[in-house]
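Can you join these two chains into the complex? Each is in its own frame, and there are hints to help.
Chains C and A supply the protein sequences, listed in that same order. For the first sequence, the tail end lands on 246 under the numbering used here, and the numbers increase by one without skipping. For the second sequence, the tail end lands on 646 under the numbering used here, and the numbers increase by one without skipping.
Straight-line Cα separation of at most 25 angstroms, BS3-like style, residue types lysine-lysine; simulated pairs:
hint, chain 1, residue 1, chain 2, residue 2
1, A, K528, C, K108
2, A, K631, A, K561
3, A, K631, A, K580
4, A, K378, A, K192
5, C, K152, A, K528
6, C, K156, A, K528
7, A, K113, A, K59
8, A, K324, C, K194
9, A, K528, C, K206
10, C, K206, A, K484
11, A, K31, A, K113
12, C, K165, A, K484
13, A, K178, A, K26
14, A, K580, A, K601
Using C-beta positions, here's what the derived DEER-type ranges look like:
hint, chain 1, residue 1, chain 2, residue 2, range
15, A, G328, C, K206, 15 to 25 angstroms
16, A, E518, C, E88, 29 to 39 angstroms
17, C, Q171, A, E518, 37 to 47 angstroms
18, C, T46, A, F559, 57 to 67 angstroms
19, A, G328, C, D210, 17 to 27 angstroms
20, C, Q171, A, E511, 33 to 43 angstroms
21, C, D210, A, E560, 29 to 39 angstroms
22, C, D210, A, Q525, 24 to 34 angstroms
23, A, E555, C, V245, 50 to 60 angstroms
24, A, L205, C, R140, 52 to 62 angstroms
If you're looking for bench data, these hints aren't it; they were derived computationally from the structure. Where a beta carbon is used, it is the ideal one built from N, C-alpha and C, also for glycine.
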Amino acid sequence: MITLTIDNREITAKEGATLLQVCLDHDIYIPHLCYLEGMEHAAASCRLCFVEIEGVAGPVTSCTTIVKEGMVVKTDTEVVRHLQRASLQLLLSVHHVDCAHCPANRKCALQDMAKFLKVGLKPKYLEQHLKEPEIDQGHPYLDYYPNRCVLCGRCVLVCKNSHDRPFLTFAKRGLDTVISFYEEDRAEMPCDECLACVEICPVSALMKRKVG
Amino acid sequence: MNPIYNQQVEQAFDAIRQEAISKTKAAKNEDIPEITIGKATCGLAAGALDTESAFKEALAEQGIQARMKSVGCIGHCYAEPIVIIDHPASGFPPIFYHQVTPGKARMLVKSFLLDHDPLFEHLLGAMRENEMIPQVLDFPRFQFEKRIVMEQSGFIDPGKIEEYIARGGYSQLVKVLQSDPEEIVQGVKRSGLRGRGGAGFLTGAKWEFVSRAEGKEKVIICNGDEGDPGAYMDRTILESNPHQLLEGMAICAYAVGAGRAIVYIRAEYPLAVQTITQAIQQAEALGLLGKNILGSSFDLEVVVFQGSGAFVCGEETALIKSIEGERGMPQHRPPYPAQSGLWGMPTVINNVKTFSSIPAIVRNGPEWFSEIGTKTSPGTAIFSVVGDVVHPGLIEIPMGVTLRHLIFDVCGGIPKKKGFKAVQIGGPSGGCIPEALLDTPVDFDALNHVGAMMGSGGMVIMDEDTCMVNVARYFLDFTQKESCGKCTFCRIGTHHLLRILDRITKGEGRETDLEQLETLSQDIKRGSLCGLGRTAPNPILTALRYFRDEFEAHIFEKRCPACMCRQLTAYYIDLDKCARGCDACVGSCPVEAIFTTKDRKKGIDQTLCVKCGECMTACPEEYSAVKKVSPPDLAPIVERPDK
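Just chain A, with the same shape it has in the complex (with noise of 0.2 angstroms):
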């Protein structure tokens, strides 16, 4: 590298940087009360628009003087709208309050902010260590957690690039810059880093590929086409720190000699494209990104491009073939993109969660990302765990726990004091994974090993009121409808499997449906193009595997274990349990099946209830008198007076 480059990095990126500090410290007024609300999609979902006005006019009405500040998503989203207050006049540390509704907000402008009463019974607990409340960094979640690439989430403003500079942001760019582009790919390589979208492939070795690769353009892609059903972990990094992104962009450009770089959202992520966007300009104003980086005659140009919505795009080939202007449909493999990918340019494709690891090595170095999680899985895995769940929301943990403990001591366990039934791991294309197994440590080859896959984060966690062929059933209905059409296999077999499911559901299942589902899922694993078809089959080999006797009841008892299939479940009271006189449950039910009988109770006319489960809500708690049976038949006969 030529010296003088570096000393105009340097210098550059220093005045950059001492003014983005005294920006931030300017801001931050220690005089007034700083108001921090996460407004990531969680926190927006939840009501944070709303709990922002509220705050603002409850301000304006009491003359008090405050700064709002929006941030990212912190994960717990189980506790959205969250929002935490600084004010250093009440002599109390900043307080993490959770479910801040309009009214919560301002109830705390008059008592916390005016009186300095923090409401104890709203508030989660403090930011710091302090003797009046407890610290949230002592609850078991914070404990449990290790953050790397979630560790500024919902703490910075995702839309001032000076906070995430002023923390340190865009240095590991610049220490890049100055050093040699194969030092920072064999960096990665030995950190073993291995992609975060699903499949695992080391990241040093593709960009090893990409950066020894002929040919004068090369191009850099984020894969931020996350379409797993109920999966977020994207989303939010994308809102919560866009600029540790784009730092791990311009490392990975640089290092492999790329020019250009594409962000893939999928449409879908407002928020998430108009984040990014505005890092994009705002990066690009600085001189971190575009032309000429910090004087370096690195050139990087960075365009965001948004997916219309097919799951299929988030497959690397699919991917590129939609950025081309053609139907987003899968490649048969080789070439690799790494070979030939973007108009047949050596291509990297990685996650949103592997280009934000990336700052985090080069600054720390690979020794010590690859000492933590596991040999073989080094680093954290990020997970959004939503389901029957105490605490569900966006996690970061070391590889290597275990399934158990990710879910009863970080997330909490089941709620309602019910059983644990089963964890699906890997998207629509994992497994379902049984109490017995949940020793599993959370690493790429554990999970294959079981039948799972790490997938790009998605977990679902189910209760023992789960039926299991219902849930291989929908994330095959999911698949099925998200072929994109191309290969026998995928198209007609999915099609095939999701008909027999179907068929086992609705308690028409036959002797040989096991045996078939069993021959078309190896042969739809074995025969698929890409890898949407070759894992398509997952759930249903895993519940197969692990739930079999949940199958065989529904075909050669017509029963539903879980009493989940409505065609084989119905609903009837308990009249030992039914209360006299109690009309709660006649008006919830929309085709009028409930009836009186004649000591006043209740009875269901099972030819007309169409098992809605409205009744089993409607019914108060200390009766309970709503039961679920399974099969159908088993249901009491009540006989309706006549009328």
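Same shape as in the complex, but just chain C (with noise of 0.2 angstroms):
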């Protein structure tokens, strides 16, 4: 076990373990979206969980980290806390943002991060942007909302790891990334069954279609 402080706190932890993890356990929130815990490398994709080290220059992701012993962590500085709303308004601005027609409302990770971030869900200054179409249902069994998709990865993750390859992925590139679907024969795809993507999704990207 070590010990480090965080807000002014001191917190003994496991030898390895990553600050973010660290934190949360500790009930220090941390906005965060593509970090899963157990994660064997951390995809540091969103850009969210940053805070700042003492005798380490610029903010850094906590999800990265591994924690140290004697280390001197902020979560709640002005710098952190400027990048984090950047980050979210980011991401808002190509977001669909109709919560009283979504799924995710009020379990969404979106308002949550919005709420504790202080940031309105429509960012005033950035102009939003919009993927064609609102649906993709290219899937079998599954809609996605591109839309709503925050790319956090989490789906293909869970995918990889429930089978032993994943039948989610990336596709395309820059603004246009979205979750796209291998090509599979459907009577051997398990997600009919699995829908292990759909309950990992922080903003009900990705649903189960009705039938009917």
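Following this line, the structure appears as structure tokens:
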């Protein structure tokens, strides 16, 4: 066990643990989207879980930081909050904000973070950009909503972990990046039964298709 | 080291070298002329193949015997297709001809090869000192350059390993195979060589990490995924001297204890892929690569991997992912590739130019190398200079030379007597440097200091007619499209930057735009996962720093000072200069916007004009009557007579 200081609190943690996990375990909330407990290599793609560490230049992502003895961490500095807000606002600028009609309403990671960071759901300065079409129904069992998706990649990861290989993947690049599906024989797809990706999605971008 | 091995290695190589020397000597028959043609991609694009067949046909017609030799690129791309003719019987030294079209080729065969008249009006210079023709080596370009990596580029046939060996090639590998690997690593470290891919990390330190890393298997990768718009350094080196690179890689592999090497080249470089693949086969056939190299018991398997052309795959972690067969997306570092790279193995990734510098460092010693260039950036820098410059091409200069010297002395300055505006260094994530900072020396730290970066060696020169807002927009458009889409700041942030710049160039800029550009750029720099995102805002930040007035003119006056942004510019015809009865512009206009006035001069109907600029090109130079103006409402109104 090692001891470190987070926001002036002395905390003991397991060696080898990530800073983000230690914070979450001690009820210190750090906004995050792409991190999953127990993941081997953090994707570090959502760029939200920034913290500042004494002696380290600039904010760093806590999901990729392994705790060290004597580490002094601040999770609530002005720089950290600025970056977190900037990242969230960017995500919201390509998000179809329509909470009233969204199944994720009230259990949405974006809503939670917006409330925590005191950010409006419709960013003032950034122009909204939405993808076409609103729903991708290429998958035999699932509907994908690209304008809800935050591309955290959790679905790709759980899919890979639940089966011996992933059925989901990132496709295209840049702003056009979406979650897509490998073309498969319907009969061989475990998706109808599994739905791990639907459950893990923080924003209801993947939904089981309603039949009929 | 085992002394028996040493002797074996020397002996084995000596036989190879002797054979190479006699082979090249036999090929070079002093009695017949030799015609050397530059056939790297730049030469081919300029028509070297047509030139070559014209030579062959003309030789056959005239019944002259001559040896045709293919070489890579000599770096003088403005002069392609380049031909060097060595015709001893004429009494002239070997002569360098530029822009040799098929017509010129036929002329040369007849006049020079047959009648011994070297056609003075078509030659650039002689290849050695003589009393008849100025020597090219005395030209400023050759004088100011210092060639280490490119020393043999354009002189040896990249398809013939014996030419490289005959000129001393692979003997450094032989030397290294007889030394202690640690000594090599320390030597490279002492030389101060910094990675030529852009980041400028100390090469020797990287090698040291890998050589000391745990793990039975290690691997080295040559990063030839050159993707900067307008850059072609790595391509040219791969196409012109592949064996120098392979020798450098073999030295590295021996030094760090790697048994496998991969040359990663983008598939858009078919000639480079072909050249290096052939070179590997030749080296393996001679036992210079592969199993038990020269009997030393050192094995090195070298393979070529073709990248699919994503710019981000030049980033080392994304490159590794793409070799592993996954989507080319950068990973968080640490772990660094030196600790855990390809398939988890400790991996050295170096640029083509870095590896290609190694044989010279081993040959001349680390101290020799560290004395070239500056203290913190030793050695030479290779730039592909393009844009508004008299002599574009590939140049190799010692580090520390000023930009002014590089642009105006080495490359001949700006054409058409125009003024200099800016130089963009470091590819799409570099910065634009203004005239006032032209005395900045070319080295890693000085360029970073002014907001640009060394990058891998792309350099774009821009003249006074360039709009800096548009330039920033161009580069952002590139990085935005090439973002892999993984992390939030790069994926979405660069899109917003581009949207704002787009708006400004269209005259729809807002007062808050400049502040927003700055804040967003800083956030992207700080927040992005990999180097692509972290450097993507550089063109904007430097443009804002050095050319802020241009942004302000666009936003507040709806004016493009360089008259480049279409929506903010209008063309008009200066009636004082327009020649009565001249119709040159009328035919050039694709939308019939040009009409004839009552006194038989011309006017442009602004409501029809699409601002393509064709009329400006068509207007005869002695009139130069077509003018550009910004904002567009400054264009004088010329009444169109009723039909």
